[in-house]
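Keeping their order, the protein sequence lines are chains R and A.
If you want the numbering used here, it's the position in the first sequence, counting the first as 1, plus 139.
If you want the numbering used here, it's the position in the second sequence, counting the first as 1, plus 139.
Treat the hints loosely; a few may be bogus.
Identical copies go unnamed one by one, so any copy, or any two together, can satisfy a pair.
[Said to hold, decoys possible] BS3-like, lysine-lysine: derived pairs with alpha carbons at most 30 Å apart:
hint: 1; residue 1: K389; residue 2: K375
hint: 2; residue 1: K572; residue 2: K406
hint: 3; residue 1: K386; residue 2: K375
hint: 4; residue 1: K277; residue 2: K232
hint: 5; residue 1: K386; residue 2: K397
hint: 6; residue 1: K267; residue 2: K647
Rather than coming from a laboratory, the hints here were simulated on the basis of the structure.
There are 2 protein chains.
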Amino acid sequence: MSLPSRIILSGFMGTGKTTVGKLLARKLDYDFVDTDDLVVSLSQKPIARIFAEEGEEMFRRWESMAIDQALAREATVIAVGGGAVCFRDNLDKIRKNGQLVLLKAQIPTLLKRLSADDSRPLLQGEDKEGQIREILAKRASAYSRISLQIPTDNQSPEAVVEEILRVLPLESRALRVELGERSYPLYFQKNGIESLNLLLQRHCPAERVVLVTNSVVQRLHGAKIARHLKRQHDLKTIVLPDGESFKTLKTVASVYAKLVEFKVDRKTPLIALGGGVIGDLVGFAAASFLRGIPFVQIPTTLLAQVDSSIGGKTGVDLPQGKNLVGAFYQPRFVLIDEAFLKTLKRREFVCGLAEVIKYAAIFDAKLFRGLEEHMEAILKGKGAGLEPVIRRCCELKAWVVERDEKETLGLRAKLNFGHTLGHAIESLTRYKKYTHGEAIAMGMVYAARRSVERAGLPEADVERLKALIARAGLPTEMPAFPKAAYRKALMQDKKRVSSRLHFVYLNKIGKSVVIPTPLDEILV
Amino acid sequence: MSLPSRIILSGFMGTGKTTVGKLLARKLDYDFVDTDDLVVSLSQKPIARIFAEEGEEMFRRWESMAIDQALAREATVIAVGGGAVCFRDNLDKIRKNGQLVLLKAQIPTLLKRLSADDSRPLLQGEDKEGQIREILAKRASAYSRISLQIPTDNQSPEAVVEEILRVLPLESRALRVELGERSYPLYFQKNGIESLNLLLQRHCPAERVVLVTNSVVQRLHGAKIARHLKRQHDLKTIVLPDGESFKTLKTVASVYAKLVEFKVDRKTPLIALGGGVIGDLVGFAAASFLRGIPFVQIPTTLLAQVDSSIGGKTGVDLPQGKNLVGAFYQPRFVLIDEAFLKTLKRREFVCGLAEVIKYAAIFDAKLFRGLEEHMEAILKGKGAGLEPVIRRCCELKAWVVERDEKETLGLRAKLNFGHTLGHAIESLTRYKKYTHGEAIAMGMVYAARRSVERAGLPEADVERLKALIARAGLPTEMPAFPKAAYRKALMQDKKRVSSRLHFVYLNKIGKSVVIPTPLDEILV
Chain R
140 MSLPSRIILS GFMGTGKTTV GKLLARKLDY DFVDTDDLVV SLSQKPIARI
190 FAEEGEEMFR RWESMAIDQA LAREATVIAV GGGAVCFRDN LDKIRKNGQL
240 VLLKAQIPTL LKRLSADDSR PLLQGEDKEG QIREILAKRA SAYSRISLQI
290 PTDNQSPEAV VEEILRVLPL ESRALRVELG ERSYPLYFQK NGIESLNLLL
340 QRHCPAERVV LVTNSVVQRL HGAKIARHLK RQHDLKTIVL PDGESFKTLK
390 TVASVYAKLV EFKVDRKTPL IALGGGVIGD LVGFAAASFL RGIPFVQIPT
440 TLLAQVDSSI GGKTGVDLPQ GKNLVGAFYQ PRFVLIDEAF LKTLKRREFV
490 CGLAEVIKYA AIFDAKLFRG LEEHMEAILK GKGAGLEPVI RRCCELKAWV
540 VERDEKETLG LRAKLNFGHT LGHAIESLTR YKKYTHGEAI AMGMVYAARR
590 SVERAGLPEA DVERLKALIA RAGLPTEMPA FPKAAYRKAL MQDKKRVSSR
640 LHFVYLNKIG KSVVIPTPLD EILV
Chain A
140 MSLPSRIILS GFMGTGKTTV GKLLARKLDY DFVDTDDLVV SLSQKPIARI
190 FAEEGEEMFR RWESMAIDQA LAREATVIAV GGGAVCFRDN LDKIRKNGQL
240 VLLKAQIPTL LKRLSADDSR PLLQGEDKEG QIREILAKRA SAYSRISLQI
290 PTDNQSPEAV VEEILRVLPL ESRALRVELG ERSYPLYFQK NGIESLNLLL
340 QRHCPAERVV LVTNSVVQRL HGAKIARHLK RQHDLKTIVL PDGESFKTLK
390 TVASVYAKLV EFKVDRKTPL IALGGGVIGD LVGFAAASFL RGIPFVQIPT
440 TLLAQVDSSI GGKTGVDLPQ GKNLVGAFYQ PRFVLIDEAF LKTLKRREFV
490 CGLAEVIKYA AIFDAKLFRG LEEHMEAILK GKGAGLEPVI RRCCELKAWV
540 VERDEKETLG LRAKLNFGHT LGHAIESLTR YKKYTHGEAI AMGMVYAARR
590 SVERAGLPEA DVERLKALIA RAGLPTEMPA FPKAAYRKAL MQDKKRVSSR
640 LHFVYLNKIG KSVVIPTPLD EILV
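Throw the hints in and build the complete structure from the sequences for me.
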């Protein structure tokens with residue numbers, strides 16, 4: 140398991156940065172450096188004197204220089220003052236160059252540890268507790284943006300080091316979706332199931348957990364996951380029938396009934412193990428049961444890994460249309476494991492590739508070229524080595540969701556490239572003939588053709604997109620329903636406002652635009 | 140219709156504060172004063188010179204003094220610079236002493252209006268648009284906290300004045316629930332239905348609106364409301380059967396079906412007209428249809444007016460228990476009209492009084508004394524003149540919800556005083572024998588008795604609470620079910636975490652505390 144070359148420990152005074160840092164460095168055979176020591180050697184003054192003579196602002200400048208110096212080293216554990224990480228500049232460069240770990244402690248613990256210490260320039264005078272509270276309150280929002288936090292109360296430094304080493308391999312490769320207090324990490328881990336108890340303990344500790352999956356996934360992976368979860372949890376399992384036709388209010392009602400039977404309380408996490416149907420349905424059940432209980436996504440299809448498991452769109456279908464009922468509800472974490480993809484049918488795997496191609500087409504020309512170069516290898520590998528591609532799609536989706544969580548700005552709407560016609564095709568063929576990926580593949584080619592006139596897409600780019608889609612084994616030409624049939628299907632579109640649709644066009648490969656377009660201009 | 144004695148106009152430069160302010164003052168026969176003029180006369184310097192010689196900070200001090208002077212006047216329209224209202228101090232004193240109106244304009248409008256003007260100290264140099272954008276971005280969060288905003292683009296100053304006069308009587312008596320971007324106003328207005336079109340236009344403009352009510356309310360008030368709404372909207376109506384037994388997933392599903400049939404899009408508001416059942420159910424339908432559409436509450440019962448219409452708790456019952464499924468979802472606005480209470484059955488009205496007594500008991504000794512003084516008059520009036528009491532309850536609930544929207548801090552849990560046992564009684568009598576208010580009345584007396592030992596409540600306060608409840612015509616003694624039956628019912632409580640319940644105790648009349656308590660210590 141590879142570790143980052145620089146591990147940066149921060150935390151409030153009294154959380155044990157130096158002690159823990161030295162121990163951790165010894166264990167890893169890394170160097171150890173404390174930026175406070177670097178400040179002293181750079182400025183040739185003790186820190187208390189910098190504060191007294193030059194003020195806090197000057198100290199922060201020395202500290203920033205010290206951080207630069209420390210981050211230039213390799214294989215080093217770096218202790219950094221708890222104030223430094225409140226500055227965006229420092230935080231950005233630390234994140235770019237290493238893995239940040241924030242040590243935490245409750246106020247009584249801090250008071251005990253700091254009681255005998257009068258050397259802290261920020262903590263002078265009688266009311267230490269009041270001062271600590273005040274500084275912590277000021278730093279709360281900055282600290283909340285740090286994903287890897289380790290509690291140190293009632294823990295020996297050795298135990299803290301153990302805990303860091305346990306979570307570091309996972310956390311250092313995690314991607315964080317930044318949504319304020321609803322932020323959450325995506326963990327990328329081959330055979331990541333073996334880390335599930337650890338992650339649950341970190342993000343939604345509870346005795347009981349409820350695993351919800353479908354009969355196919357249960358048969359393939361259920362036993363292994365159950366074995367792991369039972370080691371540390373009271374496990375309840377709900378197995379739903381497989382297939383989109385069960386993504387209904389009735390199925391959700393059956394889940395509610397089980398949750399009551401299992402005496403689920405507000406802290407009990409629901410773990411959604413499966414593809415998009417399971418994720419959407421379990422997400423909605425979690426969003427609405429007791430007005431919201433914790434929810435974890437373990438997507439087992441490529442489609443769910445790159446798309447539906449990120450962004451908090453949950454819901455079910457009505458007889459009148461797909462996803463007409465639901466909620467925006469974010470999971471506590473998502474665990475993405477390419478090993479699941481091995482067990483997919485080829486057609487299911489290819490279905491996910493359609494979304495991968497979509498991300499590349501609308502946002503990332505480099506990713507598009509990569510797909511053009513390696514499509515045959517990707518098809519052959521069926522997931523093996525695909526993690527960087529999956530990760531890039533997740534990054535793009537997270538970037539979009541962070542900026543437009545509820546699809547109010549038009550940015551998130553770009554993700555619907557190919558989907559307007561795709562949904563119409565799915566609806567017209569009653570979701571039987573084509574997979575979602577196949578339908579949007581045809582929708583993308585159609586939208587690309589419309590983009591030539593409306594958004595200046597070069598004809599050559601239409602051909603590139605069409606060729607890549609065809610090489611993935613996906614269809615490119617829409618079935619020949621009458622125009623009136625397509626029109627009727629488009630009228631059901633959730634994004635319809637009056638008679639206009641927010642239609643996504645390509646300007647070129649890697650760049651897209653949303654233009655509200657009358658139905659009649661879409662169906663020419 | 141009484142108007143506030145001080146109307147304060149603010150807004151970015153170029154929104155027309157001075158022109159509109161002078162017109163408005165003339166119309167109302169008020170004085171007009173511009174705080175910029177007061178600054179000049181206080182400082183004996185033109186404003187541009189203050190900026191040049193003393194800097195912006197000094198200007199802000201002069202401005203704050205000028206605001207104090209202006210707010211000391213009566214019957215005055217006061218124009219205040221758009222920067223001033225970004226400071227909490229200024230905003231607080233303006234709100235305390237008058238009604239603030241923010242004039243708005245789009246950037247192109249501002250550019251046109253400011254193009255010939257070189258006297259603005261904050262707007263010097265070439266790139267005016269860039270500077271405007273920058274200042275607006277800085278002020279965005281402060282401006283978003285101002286509830287009464289009037290757009291001025293393509294409007295004559297006369298039209299802006301008309302608009303202000305139309306909304307001022309409503310807005311000046313509104314109470315705002317502050318929840319960031321989910322903030323919303325509660326309007327208190329006798330026969331407020333006549334203002335509904337105006338409020339819809341301000342808060343959720345759409346051609347089509349959907350009114351959802353039950354058969355009883357429809358018979359009493361439906362025709363009048365429909366007549367009003369149809370004047371400016373394409374009105375669709377859903378009439379549900381009356382009663383808690385219809386607060387089910389099945390009923391929600393029937394609402395979804397209607398919404399599809401009505402071609403509801405993401406901007407179509409649902410108007411919930413009725414008591415708690417309608418509000419909860421329609422709120423959940425709005426929260427979940429298309430993952431959230433606008434939602435308006437018009438509570439017609441006292442219980443709904445003081446309790447369920449504020450705070451965003453929506454949901455339905457399951458066969459296994461009440462409110463087990465739902466969402467936290469805030470309305471766009473709430474319209475509270477004491478006139479509805481006239482048509483309530485006495486028992487329904489008294490049911491709401493139980494919640495009023497609850498607010499007084501847990502938070503407000505003065506309100507409690509007021510109820511002790513006027514209980515017989517309140518019962519006789521059946522709503523007439525009750526607005527100040529309803530308003531006070533709404534203030535208390537809003538205060539709680541602002542601090543603990545999702546009931547994570549224990550503060551919102553205080554609102555469950557009397558409800559733990561109350562819910563158990565309702566469940567044991569299958570929601571048939573007692574109204575919600577009657578059940579919690581008994582629960583409150585029980586909780587008060589338990590508070591003597593656990594929270595130091597004087598015996599005399601138990602007696603005061605019991606006497607007030609009895610005078611309201613509510614029961615005080617719980618039905619004699621076996622302890623095991625109560626125990627089983629309590630195990631279903633949503634607030635249960637393991638075997639402890641977050642039980643609400645009184646310290647004294649007007650002061651309460653939540654203590655996690657084992658079941659066996661609640662049922663002695």
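Item to complete: Go through the copies and call it for K267 and K647: within, between, both or neither, with a Cα cutoff of 30 Å.
Response: neither (60 Å within a copy, 33 Å between copies)
Worksheet item: Given identical chains, is K572 near K406, meaning Cα to Cα at most 30 Å, within a copy, between copies, both, or neither?
Response: Result: close neither inside a copy nor across copies, 41 Å intra and 33 Å inter.
Discussion item. For K389 and K375, with the copy left unspecified, which applies at a CA distance of at most 30 Å: within, between, both, or neither?
Written reply: Cα proximity of K389 and K375: in one copy and across copies (20 Å, 27 Å).
Worksheet entry | Homomeric proximity label, K277 with K232: Cα distance no greater than 30 Å | both (22 Å within a copy, 26 Å between copies)
Worksheet item: 30 Å Cα cut-off: does K386 pair with K375 within a copy, between copies, both or neither?
Response: Answer is both; intra-copy 21 Å and inter-copy 29 Å each pass.
Practice prompt. Could you figure out if K386 and K397 sit no more than 30 Å apart (CA to CA) within one copy, between two copies, both or neither?
Written response: For K386 and K397, both the intra-copy (16 Å) and inter-copy (20 Å) Cα distances are at most 30 Å.
When held up to the earlier numbered hints, the structure conflicts with 2 and 6 and fits the remainder.
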